[in-house]
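Residue numbers (the numbering used here), protein chains in the order written: chain A, 132 to 375; chain B, 480 to 673; chain C, 743 to 906.
Just so you know, these hints were derived from the structure itself, not from any lab. Ideal Cβ placement from N, Cα and C applies to all residues, glycine included. Hints may be right or wrong, so weigh each one.
Said to hold, decoys possible - Below, computed lysine-lysine pairings styled on DSS-like, alpha-carbon distance capped at 30 Å:
#1 B:Lys489 <-> A:Lys336
#2 C:Lys835 <-> A:Lys336
#3 B:Lys665 <-> A:Lys339
#4 A:Lys341 <-> C:Lys846
#5 A:Lys354 <-> A:Lys295
#6 C:Lys819 <-> C:Lys893
#7 C:Lys846 <-> A:Lys339
#8 C:Lys835 <-> A:Lys341
#9 C:Lys775 <-> A:Lys157
#10 B:Lys508 <-> B:Lys657
#11 A:Lys339 <-> C:Lys835
#12 B:Lys508 <-> A:Lys147
#13 C:Lys762 <-> A:Lys341
#14 A:Lys156 <-> C:Lys895
#15 A:Lys336 <-> A:Lys157
#16 C:Lys893 <-> A:Lys341
#17 A:Lys341 <-> C:Lys895
#18 C:Lys819 <-> A:Lys309
#19 A:Lys291 <-> A:Lys157
#20 C:Lys812 <-> A:Lys339
#21 B:Lys489 <-> A:Lys147
#22 C:Lys835 <-> C:Lys812
#23 A:Lys313 <-> A:Lys295
#24 C:Lys819 <-> A:Lys336
#25 A:Lys341 <-> C:Lys796
#26 A:Lys295 <-> A:Lys147
#27 C:Lys775 <-> A:Lys336
#28 A:Lys336 <-> A:Lys313
#29 B:Lys506 <-> B:Lys665
#30 C:Lys835 <-> C:Lys762
#31 C:Lys775 <-> C:Lys819
Claimed, not checked - Derived contacts from chain A toward chain C, CB cut-off under 10 Å, selection only:
#32 Ser200
#33 Asn203
#34 Arg206
#35 Ala209
#36 Gln210
#37 Arg211
#38 Phe214
#39 Leu289
#40 Gln292
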Amino acid sequence: MEAISHAGIVIGVLSKDGVVLAAEKKVTGKLLDMSGATGGSYGGSGEKIFLLNSNVISGVAGITADANSLVNYARQAAQRHLFSYNEDIPVELLAQRLCDLKQGYTQYGGLRPFGVSLLYAGYDPHYQFQLYHSDPSGNYSGWKATCIGANNGTATSLLKQDYKEDISVEDAIELVLKVMSKTMDSTTLGSEKLEFATLTLDASKQPKAKIYNPAEIDALLQKHGLGKKEEGDAAAPAPGDLTL
Amino acid sequence: MDISFALTGKGYVIVAADTTAARSIVKMKVDEDKIKVLSPHLLMAFSGEPGDTVQFAEYIERNIRLYQIRNTYALRPPSAASWIRRALADSLRSRRPYSVNLLVGGYDTSTHTPHLYWVDYLGTMSEVPFAAHGYGAYFALSLLDRYHDPEASLEDGLATLRRCLDEVAKRLVVTPEKYKVKVVDKDGVREVEI
Amino acid sequence: MSDRIYLGLPGLATDVTTLKEVFRYRVNMYTIKEEREIEPETFAHLVSSTLYEKRFGPYFIEPVMAGLEKTPSGAYKPFIAATDLIGCLNFAKDFVVAGTASTKLYGVAEGLWEPDLEPEDLFETCAQTLLNAVDRDAYSGWGAEVHLITKDKVIKRTLKGRMD
């Protein structure tokens with residue numbers, strides 16, 4: 132619980148045509164080697180946002196090592212569901228699977244619970260776009276907009292203020308970036324401190340997860356007038372969509 | 480000797496099966512229900528080896544129900560059919576396989592579409608607009624090729640089914656005297672008289 | 743199976759479905775563990791071991807696969823392979839065939855195939871081989887689907903058979 136309240140903030144906002152996740156990276160610095168971050172079909176943007184299944188992305192806050200193990204568990208659970216039922220796992224069911232695991236560690240002595248809170252942003256035909264939050268005890272709940280990590284009180288009140296029903300995904304992106312820029316410690320936002328992802332539907336009505344790469348994040352920030360005033364447009368966004 | 484038919488239409492699936500339970504040359508029962516209601520929007524007609532049929536159908540019924548209890552919502556028809564197919568495919572390579580043929584019909588309440596699956600005892604599955612198992616298939620499939628309309632109203636759909644049943648009554652050596660007919664649509668499952 | 747690996751599964755329909763689902767599961771699990779896409783040759787060994795697991799009660803399937811391998815220099819190299827129903831691998835340099843028309847396919851392919859064909863010529867060779875072989879086969883011949891896999895795109899063409 133302590134670790135979570137110090138962790139970089141993760142914000143999720145639900146809209147009628149998509150879900151948006153953004154996270155603040157804590158481990159940064161120019162000596163950090165990010166060349167190992169996968170650009171392949173699985174994986175995430177490095178530290179805090181991961182693709183759990185073709186229809187679910189998640190943001191994590193807490194002990195990173197625990198988070199990695201939970202992400203791995205979730206991916207396997209999703210694949211087992213796909214194998215048994217030939218459908219993408221419903222979002223709530225995936226949240227339930229993880230919470231069953233997390234709850235188990237609160238019940239027996241000798242073992243330490245997972246020190247991780249998660250946000251799940253997903254799509255399924257039952258309830259369309261959804262956003263869930265789960266805590267280390269194994270409780271979970273659905274949200275229209277929520278956040279986890281440090282300063283989550285400030286961020287929540289900002290979200291409460293500015294969230295509107297029937298918000299579009301474009302407005303949700305703007306809202307998330309705005310709240311992010313106001314809650315994060317640093318004065319200017321940049322790809323070295325920020326992770327960003329969206330889940331929308333593609334032309335054939337299939338869920339499409341997009342975890343932004345650093346260049347795309349900087350371009351997005353520039354577009355919304357939140358980026359650093361750079362010396363020209365150095366990095367053009369490379370289209371590197373993360374879909375299964 | 481079991482005969483079963485099913486066809487889709489505009490927003491519904493009709494499933495029909497004869498009601499005779501026979502042993503050797505003797506009719507033991509003429510009001511046997513061979514169509515299970517698996518969930519509020521899912522039907523399954525089963526036929527094949529006596530004994531296996533009921534045993535397998537009940538196994539499926541309970542497991543679909545268990546999923547619903549555990550996960551608050553029922554499996555959608557495509558997922559339920561895939562799971563049932565796997566159960567049969569796994570059974571095929573077991574010590575004693577189930578010899579059961581199925582027609583799985585359902586209405587998907589999240590996409591508002593009817594679905595019909597033809598499944599045989601080997602675990603072969605295909606999604607089809609209409610289907611039949613047993614001796615009825617020999618007579619009905621050609622009729623359905625000619626008369627089936629995926630956009631037909633329920634009345635027209637039942638009329639097409641009627642044609643199939645009449646043809647079987649006319650041409651098959653031993654004809655079942657009664658059929659049970661069930662319909663699944665947006666309002667759920669109900670039985671209809673034919 | 744992935745953007746650059748294709749798998750054909752001729753055989754018993756129930757096993758076609760089951761194996762399709764098994765391979766999808768195993769390839770996805772590989773991708774999760776390795777954090778990279780599976781290579782065609784690795785995939786061929788996955789197919790082989792999956793089939794050999796059922797050595798004494800096999801799936802009635804004889805898979806053929808085709809894909810593009812990544813070479814250390816970053817270029818792509820064509821890859822084809824086939825196995826029998828218990829997973830005995832055959833890495834061929836020229837062509838692989840399977841199915842009810844396999845005996846005829848061998849003959850026609852042997853006559854038409856030549857090394858280093860350009861993509862469109864390879865397509866024509868493949869399409870003519872298939873259509874002419876299934877014409878001599880009683881069990882197949884409604885039509886065919888040809889996927890032409892190149893490094894930047896995959897072209898899918900549907901061919902109509904004689905149906906007589």
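Per the CB criterion, is Ala209 (chain A) less than 10 Å away from chain C?
9 Å, holds
Take a quick look at whether Lys336 (chain A) and Lys313 (chain A) sit within 30 Å of each other, Cα to Cα.
This hinted pair is violated, its Cα atoms lying about 34 Å apart.
Are the Cα atoms of Lys354 (chain A) and Lys295 (chain A) separated by 30 Å or less?
22 Å, holds
Take a quick look at whether Lys341 (chain A) and Lys846 (chain C) sit within 30 Å of each other, Cα to Cα.
47 Å, violated
Hinted pair Lys835 (chain C) and Lys341 (chain A), Cα distance within 30 Å:
Between Lys835 (chain C) and Lys341 (chain A) the Cα gap is close to 39 Å, so the pair fails against 30 Å, i.e. violated.
Would you settle whether the hint for Arg211 (chain A) is holds or violated, based on the nearest Cβ-Cβ distance to chain C being less than 10 Å?
8 Å, holds
Below or equal to 30 Å on CA atoms is what counts here, so check Lys508 (chain B) against Lys147 (chain A).
55 Å, violated
Is it true that the CA of Lys506 (chain B) sits at most 30 Å from the CA of Lys665 (chain B)?
With a Cα-Cα distance of about 36 Å, the restraint between Lys506 (chain B) and Lys665 (chain B) is violated, given a limit of 30 Å.
Closest C-beta approach of Leu289 (chain A) to chain C relative to 10 Å, hint status:
Where the cut-off is 10 Å and the nearest Cβ of chain C is about 35 Å from Leu289 (chain A), the hint is violated.
Under the criterion that the straight-line Cα-Cα distance not exceed 30 Å, is the pair Lys893 (chain C), Lys341 (chain A) satisfied?
Cα-Cα ~23 Å, so holds.
So, as I understand it, the hint says Asn203 (chain A) touches chain C; can you test that by seeing if any CB pair is closer than 10 Å?
At about 7 Å, which falls below the 10 Å cut-off, the nearest Cβ of chain C leaves the hint on Asn203 (chain A) intact, so it holds.
Run the distance test for Lys835 (chain C) versus Lys762 (chain C): straight-line Cα separation, threshold 30 Å.
OK: Lys835 (chain C) and Lys762 (chain C) at ~25 Å, within 30 Å.
Hint compliance for this structure: hints 2, 4, 7, 8, 11, 12, 14, 15, 18, 24, 25, 28, 29, 32, 39 and 40 are broken, all remaining hints hold.
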